[in-house]
Amino acid sequence: MTFEGCRKAASVDLRTDRDVAMARGVVAKVMKGEGANTLMQTRFVTAVSEIARNAVKHGGGGRLDVFLLPRDRSVGVECRDRGTGIANLPEAMTDGFSTGDSMGRGLGGAQRLTSTFEIENAPGGGTVVRMTGKLQRR
Amino acid sequence: MSDVKLETTLEVLKADFNDILSDWIDEADESGAKRSDLFSEAEEREQAASLLMAFRKGVKEGQRDDGDFDLEDDYWADLRGVLSEITNERVERGVRPEEMAALVLALKTPIIERIKVKLCKEPDRLVDEIMLLSKAIDRFALYTNEVFIAEREQVIERQREEMMELSTPVVELWDRVLTLPLIGTLDSLRAQEVMESLLQAIVEYKAEVCIIDITGVRTVDTQVAQHLLRTAAAVRLMGANCIISGISPKIAQTMVQLGVDVGEVSTRSSIRSALKDALERVGVAILPVDSVPAATK
Amino acid sequence: MRAAAIYPVEGVLLVSIQDDITDTDILDLQDALSERIGEMDAKGVVIDISALEIVDTFVGRVLAQLTAIARLLDAETYVVGMRPAVAMTLVELGMYLPENRTALTLTHALQKIRGSGPG
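Protein chains in written order, with the working numbering: chain A, 525 to 662; chain B, 22 to 318; chain C, 1039 to 1157.
The hints are simulated quantities; they were obtained by calculation from the structure and are not laboratory data. Just so you know, not all the hints are guaranteed correct.
To be verified - Keeping only pairs whose Cα atoms sit at most 35 angstroms apart, straight-line, the calculated DSBU-like set for lysine-lysine is:
| hint | chain 1 | residue 1 | chain 2 | residue 2 |
| --- | --- | --- | --- | --- |
| 1 | A | K532 | B | K156 |
| 2 | B | K156 | A | K658 |
| 3 | C | K1150 | B | K129 |
| 4 | A | K556 | B | K297 |
| 5 | B | K81 | A | K532 |
| 6 | B | K227 | C | K1150 |
| 7 | B | K78 | A | K658 |
| 8 | C | K1150 | B | K26 |
| 9 | B | K26 | A | K556 |
| 10 | A | K532 | B | K227 |
| 11 | A | K556 | B | K78 |
| 12 | B | K26 | A | K532 |
| 13 | B | K26 | A | K658 |
| 14 | C | K1150 | B | K297 |
| 15 | B | K78 | A | K553 |
What the hints assert, rightly or not - Just the calculated beta-carbon pair ranges, DEER-fashion:
| hint | chain 1 | residue 1 | chain 2 | residue 2 | range |
| --- | --- | --- | --- | --- | --- |
| 16 | A | G529 | B | S269 | 54 to 60 angstroms |
| 17 | B | K297 | C | E1048 | 31 to 37 angstroms |
| 18 | B | F38 | C | D1057 | 51 to 57 angstroms |
| 19 | B | E178 | A | R531 | 20 to 26 angstroms |
| 20 | C | D1058 | B | M152 | 53 to 59 angstroms |
| 21 | B | S209 | A | G557 | 27 to 33 angstroms |
Just so you know, these numbers come straight off a predicted model, no measurement behind them. Every residue, glycine too, gets a C-beta built ideally from N, C-alpha and C.
Construct the complete structure from the given sequences, taking the supplied hints into account.
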């Protein structure tokens, strides 16, 4: 999955937990502007909260970009962190797995709440999460 | 190829705008793309004129260096704007995406005919210009198609939701008591919609108890049982309570065999007992009329 | 910055969580509440989350923790005002918050707390 060529609607620098809250607000605003259904918005922004927090807590901070995908009637989010990457991705996605506090539940949950979800260790370090959420139920 | 900028097209559009417009509408009429049953001549002409003007603007400014056209570019904003204005109305009136696309494609003929006249002495340029114009109009048609399809899907979705509301009625049975009679089959999407209806009704009616009656649900398998339990859990999270009624002996057996753990959710075999239970929880009792003192009747 | 003020009413602590609350704020709130419960020997805590558009796993966990802490201090915790979309999302995340009591509104919660007093 790539968001190349897609219109970027917003960008958030993730450093502190205040930025995690900001990321929620920013994505919510973008989705509202696109006329998103409340439930779909709540689900996707919850997922955004999880991965943004992950980036700050376990990834040493990073950046979150929000994209508009009008052809799919969705929004997309790409979150890169500067950390050391996740050693065992499949395990990390299983609920309950945790290297500290919270990562396992968060990522697995985020996947369930989004339309598409991709996570990979970026070459050069860090983790990249790309996910999309539909604006309407169908 | 990329230094062909559709100059002749622009010349022709500038000099002959109204004639091209009329020819376009006639052409569309002939190819069946015009819907005179839905729009008056004046409306049709007005909309076509806006589209043509916006198209001209886009062609003038929006050709990319590689010779292609991307209607998502800023230069095509006017065209997108006009399209979105007329799309909703046309979809509501029943115009189909393919009819709209055919309308757009019909624009080729009137323009090409005039370009041929202008460039008759320069066959190479003529060919290049026709090909490029064709590409521009094709993109326009494709884009229009997409916009229409998207709008149509939204309309269908709205209609479906309205229908859903009719078929999953949440009823206020008593002050602060809601009931939701489920009928037929319960797939994932419907279950989610039902849950949403119920939860919103809780807010609206400030309900404390919800009776979900499954007497009319044909089969209760693990999936259905899970939907029910999740709904009950969501209701509880909001601060209300659920009673699932209509559990027949057969369903009870199935649920036990499937290992479904109802946990804290109340269940009753009939709506009657569920109602009595619900009323008790909101502090209400049903008494025979005789037992109520005359003064209060 | 105080994201949530705590109000004592009839031996019950009330708190309303604002939508822009951060993780740190919420942990601070947990600490503050725990202390206040002890200080005034509160019999209940009511947390109003009606302003929250999003409740994720972190907040869910803190709510559960707070309930456990309060219970050890002999106080019952009620979560009130959860929005429908939030409830549905939590359920989808598998967070049923079984230990948390819930009520529709602040008033409902206070009634329940009063009703379940000793004797």
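The hints, checked one at a time:
1. A/K532 with B/K156: This hinted pair holds, its Cα atoms lying about 27 angstroms apart.
2. B/K156 with A/K658: Given pair B/K156, A/K658 holds - Cα atoms ~31 angstroms apart, limit 35 angstroms.
3. C/K1150 with B/K129: 74 angstroms, violated
4. A/K556 with B/K297: The hint is violated at about 43 angstroms.
5. B/K81 with A/K532: Judged against 35 angstroms, a Cα distance of about 26 angstroms means the pair holds.
6. B/K227 with C/K1150: 16 angstroms, holds
7. B/K78 with A/K658: Judged against 35 angstroms, a Cα distance of about 33 angstroms means the pair holds.
8. C/K1150 with B/K26: 76 angstroms, violated
9. B/K26 with A/K556: Violated, because 39 angstroms separates the two Cα atoms, which is more than 35 angstroms.
10. A/K532 with B/K227: Distance of about 41 angstroms is beyond 35 angstroms: violated.
11. A/K556 with B/K78: 31 angstroms, holds
12. B/K26 with A/K532: 29 angstroms, holds
13. B/K26 with A/K658: 39 angstroms, violated
14. C/K1150 with B/K297: Holds. C/K1150 to B/K297 sits at ~21 angstroms (cutoff 35 angstroms).
15. B/K78 with A/K553: 32 angstroms, holds
16. A/G529 with B/S269: 54 to 60 angstroms: Given range 54 to 60 angstroms: holds, Cβ gap about 56 angstroms.
17. B/K297 with C/E1048: 31 to 37 angstroms: The hinted range 31 to 37 angstroms holds for B/K297 and C/E1048, with Cβ atoms some 33 angstroms apart.
18. B/F38 with C/D1057: 51 to 57 angstroms: 53 angstroms, holds
19. B/E178 with A/R531: 20 to 26 angstroms: The hint (20 to 26 angstroms, Cβ to Cβ) holds, given that B/E178 and A/R531 are roughly 23 angstroms apart.
20. C/D1058 with B/M152: 53 to 59 angstroms: 55 angstroms, holds
21. B/S209 with A/G557: 27 to 33 angstroms: 29 angstroms, holds
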